[in-house]
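**Student:** Spelled out from the first residue to the last, the chains are:
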Amino acid sequence: MDNDSAVKYLESLLNRTFRAHTSDGRMFLGEFKCTDNESNIILAKTYEYRMPTAKAKQDAIERQLAGEGSGKADMTSRFLGLVVVPGQHITKLEVEERKPWELPLRPN
Amino acid sequence: MSQLNNGSNPLALADSHLPSRPNADSKPPTSILPRSDTKINITSQQISAINITESFTAAASALKTGQLVKDEYFTLFEAVGALEIMDSKMDSGHLAPGETLEDEYNVLRNLLPEEVIGIMDQILCHEVAWHIGHPLSQTLFTCLYIERLLWPEPRTLEEAQFSRDLNSRSENPLLYRVLRSYCIATIKACHFVHCMVTGESYYEEEDFTAQLYHRELLPKVSVAEIQTLLDEALSYNDTANISPESKKAIEKRLQFRRSILDALEQDTFPLNARRRPSLSCIPLLQDIKASSQLGKPVNEAFSTKIQRTLASSVPPRPMVTIKLSDALAHFETLCNDATDVGQILATETSEELSTAIWVFMSRKPQPSVYIRALVQSFLLERGTQRVLGRTTTKHFLFSSIAAIVLPKSPILEPANDMVELPTSPQFQMARLLAEFDGKAGQQYINIFRNACLNRCRTRRTLCHLVLDWDTLQADAEDIDGTLRTYTKEEPALYASDQPTYSYPLSSWVYHHKLNHLRQIIQMGFELSIYAPDEISGMYWFLSYICATHISHIDRISFFLERDMHAQEVLSQNSDAPEKSDVKDQADYQKTLKSLFRIYTHLKATDAFSKALHALHTLLLRHKAIAVPQRPYSSDKLRYELRMKPFLSLNVPEPVTFESFREESSCTALSDEEVLEEARMRIGDAKKFWEAVLKAGWSAELVDNPELDRSSKEGKTGTMEMQKGSTTIEGEWSEGVKNVIRACIATSISIVTLKKKLDETRGLEGMKVTFPVPGEKGCWHEWWIVPRVLTVC
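Keeping their order, the protein sequence lines are chains A and B.
Residues in the first sequence are numbered from 1 upward in steps of one, following this note's numbering.
Residues in the second sequence are numbered from 1001 upward in steps of one, following this note's numbering.
Check before you lean on any hint, since a few could be wrong.
[Stated by the list, open to error] As a list, the in silico EDC-like pairs of lysine to aspartate or glutamate whose alpha-carbon atoms are at most 16 Å apart:
| # | chain 1 | residue 1 | chain 2 | residue 2 |
| --- | --- | --- | --- | --- |
| 1 | A | 45 | B | 1084 |
| 2 | B | 1394 | B | 1437 |
| 3 | B | 1064 | A | 2 |
| 4 | B | 1252 | B | 1238 |
[Said to hold, decoys possible] Stretch by stretch, here's where chain A covers chain B in the computed footprint (C-beta under 8 Å, at least three residues):
| # | region |
| --- | --- |
| 5 | 1098 to 1104 |
| 6 | 1550 to 1557 |
It should be emphasised that the hints constitute simulated quantities derived from the structure, not laboratory data.
Yeah, the Cβ is synthetic: ideal placement off N, Cα and C, and Gly gets one too.
Sequences are here, hints too, so could you generate the full structure?
**Tutor:** Written out as structure tokens, the structure is:
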């Protein structure tokens, strides 16, 4: 990819909502503001999502076995604000897309 | 499936938990997959996510080194504040290898009575650390017991439990009755402090950190419910099978919670519905101190790991620990200060109120941010919008104007407001006064509120306020001019050949503006703003402001006396002198006396600053004050910087650098003359300050010393004065006495210098020190007196 089209592509993503997954299993959800050639990204208004702890998962499974729950455990989230996620720690990057209200839902 | 919205509403999201599904649906529980294989399932009907990992990485790597793609409104300046994820110093959520997110500590374990006492005292220390400005995330919220009570957010008091799971609830009453009620009462106390402080002016991180990290401090739980919990805990404690010492220690701690909660709740009631402040907390604090040895601290119950789950944009920070003795001392000061606030409330005139607030807020250490917010809440009561819960701001303003410039005038006649005929002069005067109130009313209250800020902010805000008062003065002059068409005031000759008018409203404004200017300079000494070699110049400037103020007071007195005599002549000419005429004369006399008090105080300040100016100038001449090398600045630039608050004013006219240099360096005078000037001025200063002391802190006392003093004593008597707490009046006198002591210290330095100069014409062998505020030898923080010692 040449520099011009790379810039064009990245600029088209600015201010979109990103989900950046990091190597320690967390996910950061925020507005994409800035990046550089190492894929370090700056997200604004970011929330951190964390996988349920081992204990919470175990509890969920036990509850399900006891016939009390669905076996789901909630992720925990908290507001962080402005963050920079270093490119080296990003395992997966997603951009959110909001479907227009009018369109009928397509099957995924 | 819960819907994932995109973060526009933080509160909504903090509550919504994304579901993730361990593969328990399809797999037998024996083969639970390791964490990395757990499937995250985030779906929504409206939002889908597209994986762009590869395309993004490819595009980013096509950028040149140093090239950025960024939103045009996003600045690199902002970027500096971004938290770096996965950096253990910045990212509070980062886990070291092998580290777990949650603490291992079991909050449901059985506790020994000694451990309960220890935890209670640790909580108290954290609470005070928060009071004095540290964030909750480094103090109270590090307590795992408190965390359990507050998260997930309890909807009712019943839900605030160490464990919400009914099966695993502790049966140990020490835990679920005693410690729980103590924690809940602490949280509620913090709620009241938080509401009081954030409801008034304060400075985030300077005074207080209000951040709650999306937690709530049981705002909806009533105090009565909590008092019931505490009572239950107390009655359990009575019968509990524990050692008598521990029993007593726990009892005192629970009672302290009860009493402080009650006191804090009282402060939220309307002023007229409050009980008299109670000092019952103070003996309990001493009991807590006495039994603190019994407690066994449980450090594992406090952890900074909590910061990982708090909504916060700050890096991880260490826990703040303060000593229990300091924490108890803080509460004791808080209780005493809260009681003394009653004396501010009991003041009657705006002059008294102003003196009382200044004395109270000048206490060292300054009253805590809670107390300062409490005083602000009195000044303008939130519900009623009344000053001290008694008068409207308009009445408060007008009574201050009456007390200084217009004791008796048709302008301030309350009946004017009743006139509805637009052609009537009364109607027009009422309209103009309402206009003035619109401009000055809030500004006037702001003077008092400003004194309740922290000391640095008080001075800084004064520098801004003074510009507003400059504008206000110009507006007031216009209003004065229009008012004259209705009062038909005759011009008089004052201090020049040109006839002039009294300008009552703008005179009042100017008086306050000059007060501000004087306070700005004097607080500069208190806050050690001036370099040692600047002090001489600043005292010169202080005396310049005082001299300007003295002539302004003289002008006001001149027009008052004129009006008084006119009134006298009028009543003598009338056939039957009325009772009201006698009262009018008394009102004039009272105002003239007030002006004389102000005059005396200004004369005292003026003489002392002239003496110190001369003394510091002489020491500068003889190089006894070190002047640092300043290669990048000039005297003129520094002067402009120092005079920034004053140079843009219309009146008093700014002093140019050239005349400042000439006047303040006394080049025309010999050493002997300068020293003689200092000697004479300091003699005057001491006399004037003694007169200030004699006149007392309140004008009311001067009018009728016998009666007033006894009624004042009666008042303070009902306020349950007790040992250790002082009256504001006493502090005021002590302050003036300290100024007199500073005068004496100055005289001694002058005499020592004179002797030395007479002998050797130089200062060799002399040691000169300048004790700054807070150091031994500094009698009063507004007066920097050099100490001159002969070194043998």
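**Student:** Which hint numbers does the structure go against, in order from smallest to largest?
**Tutor:** Result: hint 6 breaks, nothing else.
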